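Asker: Listed here are the chains, written in short residue letters.
4 protein chains.
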Amino acid sequence: MKAQRVEMFVCPSASPSDTSGLQQLADGGKIKPDTLVALVGKTEGTGAHDDWGRVWADVALREWTSKFLGIAVADVAQRVIFVLSGGCPGVITPHIAAVLTDARDVHLVMVKVPGLTNASIKDAESRRKTVVSHDLTFGPEGAGAYANDAAALGVAMALGEVPESSLSDEVVRRNWDLYSSVAMTSSGGEKRHGEVVVFGNSSTSHSPMRIGHAVTRDFIDAEGVRNALRSAGLRFSDGLPDESDLPRLVHVFAKSVIPGSDQVRGQRITLLDDADAYQIGKALGGMLIASVTGRTTNYVSGGERNSHQGPPGGNIVAAVVRTEG
Amino acid sequence: MKAQRVEMFVCPSASPSDTSGLQQLADGGKIKPDTLVALVGKTEGTGAHDDWGRVWADVALREWTSKFLGIAVADVAQRVIFVLSGGCPGVITPHIAAVLTDARDVHLVMVKVPGLTNASIKDAESRRKTVVSHDLTFGPEGAGAYANDAAALGVAMALGEVPESSLSDEVVRRNWDLYSSVAMTSSGGEKRHGEVVVFGNSSTSHSPMRIGHAVTRDFIDAEGVRNALRSAGLRFSDGLPDESDLPRLVHVFAKSVIPGSDQVRGQRITLLDDADAYQIGKALGGMLIASVTGRTTNYVSGGERNSHQGPPGGNIVAAVVRTEG
Amino acid sequence: MKAQRVEMFVCPSASPSDTSGLQQLADGGKIKPDTLVALVGKTEGTGAHDDWGRVWADVALREWTSKFLGIAVADVAQRVIFVLSGGCPGVITPHIAAVLTDARDVHLVMVKVPGLTNASIKDAESRRKTVVSHDLTFGPEGAGAYANDAAALGVAMALGEVPESSLSDEVVRRNWDLYSSVAMTSSGGEKRHGEVVVFGNSSTSHSPMRIGHAVTRDFIDAEGVRNALRSAGLRFSDGLPDESDLPRLVHVFAKSVIPGSDQVRGQRITLLDDADAYQIGKALGGMLIASVTGRTTNYVSGGERNSHQGPPGGNIVAAVVRTEG
Amino acid sequence: MKAQRVEMFVCPSASPSDTSGLQQLADGGKIKPDTLVALVGKTEGTGAHDDWGRVWADVALREWTSKFLGIAVADVAQRVIFVLSGGCPGVITPHIAAVLTDARDVHLVMVKVPGLTNASIKDAESRRKTVVSHDLTFGPEGAGAYANDAAALGVAMALGEVPESSLSDEVVRRNWDLYSSVAMTSSGGEKRHGEVVVFGNSSTSHSPMRIGHAVTRDFIDAEGVRNALRSAGLRFSDGLPDESDLPRLVHVFAKSVIPGSDQVRGQRITLLDDADAYQIGKALGGMLIASVTGRTTNYVSGGERNSHQGPPGGNIVAAVVRTEG
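Residue numbers (my numbering), protein chains in the order written: chain Z, 75 to 399; chain L, 75 to 399; chain H, 75 to 399; chain X, 75 to 399.
Since the hints were made in silico from the structure, they are not lab data. A couple of the hints might just be wrong.
Since the list gives no way to pick out one identical chain from another, each pair is judged satisfied if it fits inside one copy or across any two copies.
With a straight-line cut-off of 25 Å between C-alpha atoms, the simulated SDA-like cross-links for lysine to any residue are [said to hold, decoys possible]:
(1) Lys203 <-> Glu137
(2) Lys196 <-> Arg339
(3) Lys106 <-> Glu81
(4) Lys106 <-> Asp251
(5) Lys265 <-> Pro86
(6) Lys203 <-> Gly387
(7) Lys203 <-> Gly340
(8) Lys104 <-> Ala88
(9) Lys196 <-> Glu244
Quick caveat: nothing in here was measured; it's all calculated off a predicted structure.
Only chain Z is shown next, with the shape it has when bound in the complex:
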């Protein structure tokens, strides 16, 4: 697991394969081959396991990075971590954030792990192995949800949020008392190994950035989002960030996991019944963040039903704020 001092630049993408924003950063000397450690972004497309927008973005970004670093495409994964989250329903702007390089005081751990595909299931079963699920979606019994949640519990264990002795196959997606407050995890069939980016602050750092985070108490908790922004050093007045303060906000990372209950603050909702709950759940997180920050270039992933990422019903929100003019 790498630990890094963060510099970060956010580039909107005009299409999944758009690398022009990164090229501008490179041309301007803002990013350098020896300090680029991660590309984290949201790509447009269905967000499903077979989201060709995300897969195409991965291929195009990997080619660009290979040229930028002067190494073979196959070696890019050794140097730069890719965390691409597919699907920008609603008010989430497709974008790529370039992350540069020592963190303590962890506020956010992003993980991308391999996901099952029809091909990998067929391969496993041909070797007489069983798989946790044949459902390739991020639904309540979906292989994507199990992959994400196993990774979240791994982070929780590594950070001491849950004791190793409490973990077993049986608790994954069953015991919701076990969770991480800083892990955002996703999965994709195109990954062959897990990749981890750790964000935090260091008292010895000279970084002009500060990261903070908070956890929302439920699915409609805008105050939780404001708390995350305050944790990173942003000021608020009357529900909105101070106009003069907003330019200091570099980026927001948020999960939008659907609650496991059909009630929010005592009233029934039908989200658990929605055929397109995955898309709607993700989109709602995008609105919750955008309605507080007033901008749409936020990293919001989600749509799973329940998760070990954050407490039951709540979601993790992390914000990066520039500390100097």
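Let chain Z serve as the given structure and place chains L, H and X on it in line with the hints.
Answerer: Showing chains L, H and X alone in chain Z's frame:
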């Protein structure tokens, strides 16, 4: 057009045909046959033109009202106006609001008009009439969107918001400078005539209720929602309604029309491309309201692309607040 | 389990609550209160667990039947079995088949069993019970699929198709070598107990009907459909039923279960990846039957991924043919 | 418009960017740079205007072709025509057909034309131009449907199927008596100009291939499909191609346009109401072809509601059959 002094009770529904909340109001003497003027609600289901949840709710509520008023089912429409909006994606709780009886100072006009169906198109064409669209959805060229928007321009003309001389078939869904700031309109194939409910305040009223409204400036404008609530008399501190004030909030009515542009505050979004933009657009409005009020029993309709209901990009929000203990 | 001599009438439905076809049969003396044993049909709507079209049809048909039989609505379930299958995507005409009254030589067993809902899961978990799945869909790990398949294995055991000793919780949706060739099962949250209709032929019967069935060898096997029709006594020439023979075809019942493999006859298909595989899978079965029979009033349910209803990859097709002029 | 003697090879694709099948053909000397005239295929993905699977395939195939021909990527369009149709719902195998080189007796004209996008609409309106529709889908008033149908009428005029005097903007998607029996057209936002491939037979040709076509009489007409195959020289017995004849079938091209009526052979269907009619309509065409040919590697595009491609209610089917052992 009827004008009314408003009393209003909001009953969550356990299913589309659930009339138990209304029956409790009747049993408790809260609503009376001679003062019940409208039932306005959100019903669970697809929200599409063939949403059987909405149609079933209409049949069940009409039967209940016929018994409550002691009249034939066919005569209910002469006495009580039904405005049922189908689809509760995301954080919108299915519910029925019973409205009782003199308004001036109009803050909200709700209209339900007939919509096209495959059967009515076939009938029209057999009589050598053309129809505006063969698309039965609420998409950008959908018959449902044309029906809603023609009704909104009708309200705008009646209230003097737009001059009659500016109206013609050609401006509907083409000239977005023409709009009403108080009309919320919807349509359904089950309607044979238009129905209108007008909400306003009167200086001579003894009503314990006050209605206010505002228009959001864009799709993520939480401050616009707070302005609507303030207009009705609610106080805010630090982005949230005062805890002590919140019980006075009776109900919120809001549209959630998708902007016609693919940009929000200068950044691209892909909502116009989303295959399920209708559901997501409606759901996002639900989140915007719920994240401000902290409750999910809000009347939020929408999902259309652009509309004469409200200014380009913005949406109408109206709130009813109890003025006394 | 009741066993019956079958008379059957098929009534197209103009809407989910349309009982006019049944009323015409009653008025014409074709169906009688003491011989009506089952109503089996396809209803329009989403086909999902919260398909309000199906639920509304159930309520409306139950009310009609209560009046026809002169008994309380609550007692209808003791006398008449309802098997309503929601969702008519593609070329499946919504319809109700009225079934009248002794069968041996079983060709088809239709079963409707209770399904999980958010409410029943919450209830179970409050009593410290676990449920097989929190996914309410008919997806590969969906509660609906588990309910249907447990019922199918129950039929297979009852008919001696699989030995009781081979059955356990572990084999449901895992061991596909265990299956029934005559069970068509479905489930719905509105059911509180299972209901079974058995169709067969009897050598001592004076019925003018004959039922036959066959199993398709894979998902595109039109010849398997023709075999089912031949089994019931229909003749074919050059791929189509003889024109003179077609009027004798009373009804076709078919499952359209999606294969568990991503290959059909050696070529890859992406149906397992389709976000709307449930609807498409059901619709494809409708086309397979309609393209052979030349009519769309067929009972086709399905969309599940793999099933114990029929052999791996294949589906059950049953046909009822009139044996006399 | 180019006219060609056809040689054709069909390569299944393992992913949208898979060019390994083409490379094998090149390595084996089956296709040559100077005779490759078109790549025609089906790509997996949503099939919608923003189908990133199709766009990625276009990019990847264009890169491969540029290397194969030893020319710049930008020059590929001058030499090789690309007709990629997105979306393989149901039983349609993703594949690419390589077409080599004089045709008379036209049986099939494939056209790919530019489609509207949010960006091109914004551009047009900034230049004070109007667009036919703001709906980017292939729905009844969708820009994609208008683009496809205008192209079909262009082919119909060129081939003398309709007189030029009968054509005007007003007849497009309004006068269904005007149609081509051989035009299959599609559109995509990535195209900047139209591309046309003409397939036919020539008495002076030494080609080992023969193409034939027919038009189905309605949406469930399997006999129409058999007629197309017979037209190309295939023999049938009892509804299926002769086993010994099937290997001679090289490829099938078919449209699957949804009928404009809600009735098939006198019975109501709800396909016009289906929220996912586009996907289901396309998938049903795939089943109709696959159930006759017994194979899934067929080019089937469609899902539009009504079209000038084929007569009202019917669809075009073309087949290529090898004439020698």
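Asker: Check the structure against each numbered hint from earlier and tell me which ones fail, lowest number first.
Answerer: 1, 4
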